[in-house]
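Here are the chains, one letter per residue:
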Amino acid sequence: MDASGSSTRKFPIPGARILAWHVGRSALTAVRLGLLVPAVFCILRLAAAEIEYSRATPESVARAISIGKTEYRERLAELQPARAGTILRQATAADPLSAAAWIRLGLAEEQRETPGKTSDFPARRALETAFRVDRQYAPAWALANYCLRHDDRACFWRAEFRAAVRAPQLADPKATNLGDLQPLLELARRMEPAPEALLEHFNPSAGSATEAPPAAFSAQLERAYLNDLIVLERWDDATTVALRIASHPVDHNPGAGTSDGKKAGIGDGKKGGKKEDDDNARLDDVVNRLIAAGSARNAVAVWNRYSGFAPLDPARGVLLTNGDFATNPRQSGFDWRLRFNTMGAVAGIEPVWKPSVMEFRFAGSEPEQGLLAEQWVPLAGGSFRLRFEYSTRNLAGPTGIRWEALDRAHDRTRDARPSVNPSLDHARERLLEPTPEPSLDPSTEWRPAQWVFSAPGPRKPGTGSASVVPLRLIYRREPGRARAQGAFLLRHVRLEVL
Amino acid sequence: MTRFSKPAGVIQIKVIQTKLHPVLAVFLALNLGVVQAASPATGTPVIGVVQAQGSFRLDQATVTGNGTLFEGTTVETGAGQTSQELRSGARVTLSPASKGRFYDDHVVLERGQGRLERGTGFFFEARGLTVQPETGTSTGRISLDPASGVQVAAFTGSLRVLNAQRMVVAKVLPGMPLAFTPQVSGNITRVSGKLVSKGGHYVLTDETTNVTFEATGAGLKKQEGKRVEVHGYVDPTATPVSDATQVIRVTGVTPLAAGAAAAGAGGATAGALSGLVISGTFIAIIGGVAAAAVVGGLAASGTFSGSSQAAAGSGTGGTGTGGGGGTPPLSR
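So the sequences go chain by chain: A and B.
Mapping to the working numbering: the first sequence position 268 is 295, numbers consecutive.
Mapping to the working numbering: the second sequence position 155 is 182, numbers consecutive.
The following block holds chain A by itself, in its conformation from the complex (with noise of 0.2 Å):
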């Protein structure tokens, strides 16, 4: 039996293959069009409801709600702030995973409670809800914010510690942006002003912490942290943060066991974090505006904790930094300074460093007087002896080349930061001695000389009553003489109390 006798015998009557086709095809319609209505209706009620929504009056946004969305819910709550409490506990019963809707429930329910003992009180369920069903930033923060509003520490700090572990900027030891962390640190701050006392709170293995952070939770949060608090200038605490990162022992790697997701342990006992590279620039821009600040002691406590160059000690007469050029200078803190704005040096004049010497060579180019090297000195009251040693390359005499140092203090209105241009504008700046002495004379052997000078202020040095003093070598053409050109080579140079 061929195909066509079975479909003959299928459909015996005529016709009844055409009818069948039919039947079939009008019932596909059928199904398309039971799937098709019910879409477009659906389509067309969401429409409603956002034209609804759209028009933002209590009766439009409670109309909107009867086609059903929890978001709307929230925002007839927010017209209706009377009856919040009731449109959000429907909201949430509609969707009890909506933690926006919790945190709404929590802020309104706290409205209407009265303030004491907060546990048994719904606006904090409702915001613990919020973060079970949400363990993200927001939730956290909200709950941080009503149990400091409440003043509960004990609940502030927990969820202060599950906000922070859950700052993305808390996590990337490369983050930049930590100013964003600034709400969360001011919470912090007004609940425990004392610097250690509030890091604590956010030691992996403190009470408060609930769950492991990321390995470089600690250290961006101490970064955070001073940033924060030199923006508000609370100098004090500053240097007290700052201690505590330069006493980090330095990490070379820093990103490393954090793309894997290594977490540091609790209970590992482990208090800080580890200092980075970049770290110590940090830190120079915190002794550079403590200097600013005119904290002279805090400034030297910071410098010596990390710069590796031996102690400063006013009291003993340990006044200078990298005398001996053992080093190259690093341009910033208490360090030489030979590059005044952004373009480098002064033009003309080229500081070449070499172990153990300081060169600066003159193109003949100079503009008529400029500034060779700058090193900030904490200096109490008293006379001071500077003593290098020096040479020219030929320079005709006299060079034009002398020190000076600068008595700050007497301008407060001016802007006391480390030169980033200074001029030599002494109608601004009094010089601690006004009759500067004669400049140098041309030495093509290296020739000893010194130089002597007093500052004001009481003569017991060290006492933090110090003043940050700039020591300038500079150049100002002598009068009848030609720009110089050749060089001018600085070592040994050693500051003594008299």
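Derived by calculation from the structure, the hints in this document are not laboratory data.
Since this is a predicted model, take the numbers as computed values, not measurements.
Quick reminder that beta carbons are idealized off the backbone N, C-alpha and C, glycines included.
Derived contacts from chain B toward chain A, CB cut-off under 10 Å, selection only:
no.	residue
1	D86
2	Q87
3	T91
4	T95
5	F97
6	E112
7	R118
Use these hints to put chain B onto chain A, whose structure you have.
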């Protein structure tokens, strides 16, 4: 003995139950709890909560969702609005692109506009003006416009506007939004209305600002019962008769046509407000503050663009449509 302790800087109180009625003890404990909650362990007191749908700036830092208001906290909105619930009970809504600094009993509006509800004892400050509700049920909106000054609209109840010397310069009623511009000419005052005699004193209620003055000076008797424009100076040391809030020392009186406003009488002072008011609207000047009606803008739509509104009304202003009562739509 129940002991509630406060951290440094906060008064420590001991409630000895044995010496107090139990109800009183509970009352004191609850009240102390409120104080305690309002001041976290250290630092500035908490004054409220701020909420938003998205992110906003809190003391120059970006925050998402919600945050805590401390004394002096600055809130800056971006594309969305924020809602501030204050411990005092007041509720302030900041519109998009607005900025305000919040204190326990007031907010200094620095940019944009804000809405006040439940503001008993709470007030707005904007460009040296103070806007406060007359009752706890008063609600209203205060807007800053770079060109025209401060605009105030009441939705329910009424709002009082005071100048920097705490002198009442307007009473803003629902449906009658007003725009204010502080003038450089100090205490100069110019108002208009019907001059009536009460117990031998002349009293005038300004048609624009709804502030009632006692007028003293020469030439008032013959203007009694008429609509007049009065020029003079407010005397802050004088005590006005009842119904009036201040005394104006009259330097000049000009009769006005009955039923019509003094068209465009603002002169130079009108310049600053000309973009806001319809032609023909009287510009009152009280205590160095120029005030004029805003028509069809602020109160009617719930938003104010700051651009000139269509000159569709007439008379003494305050004819904005649909400004009073109800809850105006908030921008999303």
